[in-house]
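Peer 1: Sequence:
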Amino acid sequence: MDSRSLRSKASEETLISLLHLDPSPIETPPADTDKELPPLPEDTLEDSVSSLKSTSSAPGLSGSGHGTIFYLTRIQKFSSYLVPIFTSIHLANTSIIPLVARSIVASETYLLQSREIYQTTLTEPLLVALPIVAHIASGIALRFARRSQNLQRYGGNTPGMYALYRAQTGKTSRTTTYNSTGSAARIWPPLSYISASGYAFAVFLAAHVGVNRALPLQVEGDSSNIGLAFVAHGFARHPTLSWLAYTGLLLVGCGHMVWGAAKWLGYAPTATGRSGSGSKVIDKKTTQRRRRIWWGLHAATLGAFAVWAAGGLGIVAREGLTTGWVGKLYDNLFDKIPLC
Numbered sequence: 001m002d003s004r005s006l007r008s009k010a011s012e013e014t015l016i017s018l019l020h021l022d023p024s025p026i027e028t029p030p031a032d033t034d035k036e037l038p039p040l041p042e043d044t045l046e047d048s049v050s051s052l053k054s055t056s057s058a059p060g061l062s063g064s065g066h067g068t069i070f071y072l073t074r075i076q077k078f079s080s081y082l083v084p085i086f087t088s089i090h091l092a093n094t095s096i097i098p099l100v101a102r103s104i105v106a107s108e109t110y111l112l113q114s115r116e117i118y119q120t121t122l123t124e125p126l127l128v129a130l131p132i133v134a135h136i137a138s139g140i141a142l143r144f145a146r147r148s149q150n151l152q153r154y155g156g157n158t159p160g161m162y163a164l165y166r167a168q169t170g171k172t173s174r175t176t177t178y179n180s181t182g183s184a185a186r187i188w189p190p191l192s193y194i195s196a197s198g199y200a201f202a203v204f205l206a207a208h209v210g211v212n213r214a215l216p217l218q219v220e221g222d223s224s225n226i227g228l229a230f231v232a233h234g235f236a237r238h239p240t241l242s243w244l245a246y247t248g249l250l251l252v253g254c255g256h257m258v259w260g261a262a263k264w265l266g267y268a269p270t271a272t273g274r275s276g277s278g279s280k281v282i283d284k285k286t287t288q289r290r291r292r293i294w295w296g297l298h299a300a301t302l303g304a305f306a307v308w309a310a311g312g313l314g315i316v317a318r319e320g321l322t323t324g325w326v327g328k329l330y331d332n333l334f335d336k337i338p339l340c
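Quick note: the sequence shown uses full-length UniProt numbering, first residue 1, plus one each step.
Everything labelled a hint here was simulated from the structure, so no lab data went into it. Incorrect hints may have been included.
What the hints assert, rightly or not - DSS-like, lysine-lysine: derived pairs with alpha carbons at most 27 Å apart:
1. Lys263 / Lys284
2. Lys77 / Lys263
3. Lys285 / Lys263
Claimed, not checked - So the derived label-pair ranges between C-beta atoms look like this:
4. Arg102 / Lys285: 43 to 53 Å
5. Val105 / Lys285: 50 to 60 Å
6. Tyr193 / Thr109: 32 to 42 Å
7. Thr120 / Lys285: 47 to 57 Å
8. His90 / Tyr193: 18 to 28 Å
9. Arg318 / Ser192: 15 to 25 Å
10. Ser224 / Lys285: 49 to 59 Å
Quick reminder that beta carbons are idealized off the backbone N, C-alpha and C, glycines included.
Produce the entire structure from the sequences given, and follow the hints as far as they go.
Peer 2: Structure (structure tokens):
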């Protein structure tokens, strides 16, 4: 054993002796070191609610203040409520009545009578022109408004674009390269089948209105002589163009109206396809239900097309040329069309 350990000294006799201190209160730290306590949960909840209300007033979000997207969506929805009035009358005159009568001569009388309902100075803008123009214009404005909203939220070439890209496509790979073209394409809202068919339907409808309504008013100053015989005359003179135009008009139009009505009623399974897009996990029962609705809407579209085409393409399109001075009038009108 070490001899030095046997000669230990008391702590009072060491070089650094312990000091005996009298008890005293702890001094208050200076003011510059004070820190505020974190907020209570109730205060945090109130702050989050207030911030949520402030962001709800942004364009397109519902809340205390309605934005542009809110009103444009309702204009697009409620304007479509008046279209079925004209569509049902037009379907009866151009398809159902010719199909039952088996002749356009007997059907022209009903067509002329129904024009007193939807082709007057008051009813034509109210039931036909204004709802269709409002529906198309609000749909186009909605795309620009949603694009502007995406730019405000995510920016053009910023890291926030990854969140938007993942939400739209469901892809989680961070190896995606962002360039100006790709980011500009993804900043636009996704183009659903309903929207795509709506733009195509607008083109076919504009051509149909231009030939059957605007052209006679411009050339003859009146469209009272335009009826089912004029359509049959066009099929006889220009069969290929007429078949393509009217088949596209009926097929795209029926699809857009059936799927659009299902969307407003909440029956459309998804706006981008049968199974949708994204990374959400959907159970088998929900997938099967959506698939049945998806096929059911396609069947309803084909059924509506078949009903309209049975009389329109099956009877009216096969009537042939119109002779006499009325036939010459029709020839003069078709000569004014550049594609004819």
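Peer 1: Work down the list of hints and note, for each, if the structure agrees.
Peer 2: The hints, checked one at a time:
no.	hint	result
1	Lys263 / Lys284	22 Å, holds
2	Lys77 / Lys263	10 Å, holds
3	Lys285 / Lys263	21 Å, holds
4	Arg102 / Lys285: 43 to 53 Å	48 Å, holds
5	Val105 / Lys285: 50 to 60 Å	55 Å, holds
6	Tyr193 / Thr109: 32 to 42 Å	39 Å, holds
7	Thr120 / Lys285: 47 to 57 Å	52 Å, holds
8	His90 / Tyr193: 18 to 28 Å	24 Å, holds
9	Arg318 / Ser192: 15 to 25 Å	36 Å, violated
10	Ser224 / Lys285: 49 to 59 Å	57 Å, holds
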